[in-house]
Amino acid sequence: MRNSRRIKIAFDMCVQEGVKSLLGIVVVFAAFVMFGCIFMLLGHNMSYTDRIETGLKVPYEKVGYINIDSMKLDYEEEKEVISLIQECDEIESLGHVSYGIQNTSRCISFLGEIQYGHQTVIPDNEYNVGEMVETYIMSAGAWDIMNLRLQEGAEPSQLEPDDNTILLYLSERYSGLVSVGEHYYDTYEDGTIIYDYVVAGFFSPDSYILANGTANSTNNLIDAGCCSMDYAVVEVPGFLFNTAYFSTKDGGFSEVKEYLGSIAQNYGIDIDMYELSSVLKFHNDNTAAVTKYLIEIAVLFTAAAVLLLIGIQIGRVISHAKEYGIWLTNGALFHDIALVTIYQNIIYVILPMILSCFAVRKITDMILLGNGQTAGPVISIFWEMNVPLLTVLAVILTAVTAGIPIILLYRKNAAELLKGETAG
Amino acid sequence: MIRLKNIFKSYGSENVKCNALKGINLTIDTGEYLAIMGPSGSGKTTLLNILGGIDRADSGEYLYDNLKVNEMTNAMLHKFRRDHVSFVFQNFELINYYTVFENVEMPLFARRMSASQRKKKVCEALELAGIEALRKKLPIHISGGERQRCAIARALVSDNNLLLADEPTGALDIKTGEGIMRVFDNLKKTGRTIVLITHNPDVAGRADRIVNISDGNIV
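Line order of the protein sequences matches chains F and E. The first sequence begins at 1 in the numbering used here and counts up one residue at a time. The second sequence begins at 1001 in the numbering used here and counts up one residue at a time.
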């Protein structure tokens, strides 16, 4: 018998079952969606460290965060403090990052047309399309810490902007809208320039930064880890800020802490310092129980679903026993029947598995990708962990749910199958 | 030629054993039209199933021409069936969601024929069974007699030499049964070996030879 005929027979049997078939496919689909969601949550939980590493250009063990209580300082003093911190021998790079800035400058608000709907820090109804753009504000030093790469343009350290110039770095998605070197002027009504926005470069798609709030406390449970630069607009101004990520030369945080303490004492201010590895440890310790619980659920749910699906499939084969008997008395060989059973299982298991991947991806979009900024790392979990796991599970399930009925069929002769007998 | 020597077959466990065949010896010539008669439970169908290779004897020898059927593996038995045996059952055993044409076409799928060759063969078989006009109908939309003709056409289409019919008129009224038996009368002219099981002496009377079986023995 030709394979195409076997597939047709399997398909005919499924179609003939009508609603029963459809219900079977829906049950398997639902099971795979559940598997997929559990695997996604599990993958998301277990890959926090990976996401942190994705957001950085340097090992996370060398990265820390500084928060300067600058309320008591004037601008010049603040500038001095930052300069002094930069002079610390153990600090290699120091850079600020602000997240989710609502930039309403008219001259660059047109960028929002591309960004709209992909960044959710700002409620949808607060601004209309084209009225604002959400940006990150970074200082040049952040370039050496965050995992930022340009596919066109020059890094801030090569450009050294003055106080009125703001360098704009954009996702490649904007490359059709603006070009490197273009200026956009934010002016008062009389034409005086407030800021000169210069398009300085476009990020390559593999650019990431640490997610908002990742390192500014040792007891936070923010789990985004990193953000992709998809749809990102980054401003690099020439002025100073009071928080910064820093990287150490050899992980000498105690030296940095001592150094910062002396500055704080001299200026009568507080300077808090956090090690990223401590933050990470706190997060991972706290999610370990959840991860263990998710693994238990995944194992139990998989076992229950496999047993249920085997039961359904055995029931299906029993209901078709007579047809298999008819085929066997009309020229079909046993391996034809075995292959028909396997193809049936492919229709009942692989097809819903493929559909479930689309559903899980959609659910992932809704639950884990609420903020489009974190899309990249989460989507990589989907492709690198979820889809392979679901595929392996579907193949095992197909083999088991086809294998048992095939064994049942093999133990019966055609005369018994004609009477509808399979069990016993 | 078919030769059965000392065929035994039983069902059930050691404790509750039912001996269906108790040392059957039977020879059937090629092209012979043989009727097997006997009361219910006498072992007729078991004998037919063993002849058709859809069941196995517990012991004894079954020779089909020079083939030792009783020594065949399962795979060989499936091929033996495909290449030599056709069946007609009392309950027709048609697939209800296939049309008459598709039901008759079934045995040809195992023979890797082209669609046009299959169509030609099926049309010939439908004509021989007298149901050409029903080719597009589903079995559930035709009468019992027509269904049996469909089953006969399916048995004919593969050109297998051994045709086994298990009470082909058992589920039909007298008039319809008569029509079916006329089809069998015509089949005899094709040179096939026909083994037919029946309770009906009139049906058996149309065969070349009648074998009576009772309590697992030929009498």
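It cannot be assumed that every hint is accurate.
The list that follows gives simulated cross-link-like pairs (lysine-lysine, DSS-like), each with its CA atoms no further than 30 Å apart [what the hints assert, rightly or not]:
1) E:1120 / F:322
2) F:8 / E:1175
3) E:1120 / F:8
4) F:322 / E:1175
5) F:292 / F:8
6) F:249 / E:1137
Hint data in this document are derived by calculation from the structure and do not stem from the laboratory.
Outcome of the hint check:
no. : hint           : result
1   : E:1120 / F:322 : 28 Å, holds
2   : F:8 / E:1175   : 38 Å, violated
3   : E:1120 / F:8   : 21 Å, holds
4   : F:322 / E:1175 : 29 Å, holds
5   : F:292 / F:8    : 44 Å, violated
6   : F:249 / E:1137 : 84 Å, violated
Hint violations for this structure: numbers 2, 5 and 6, all remaining hints satisfied.
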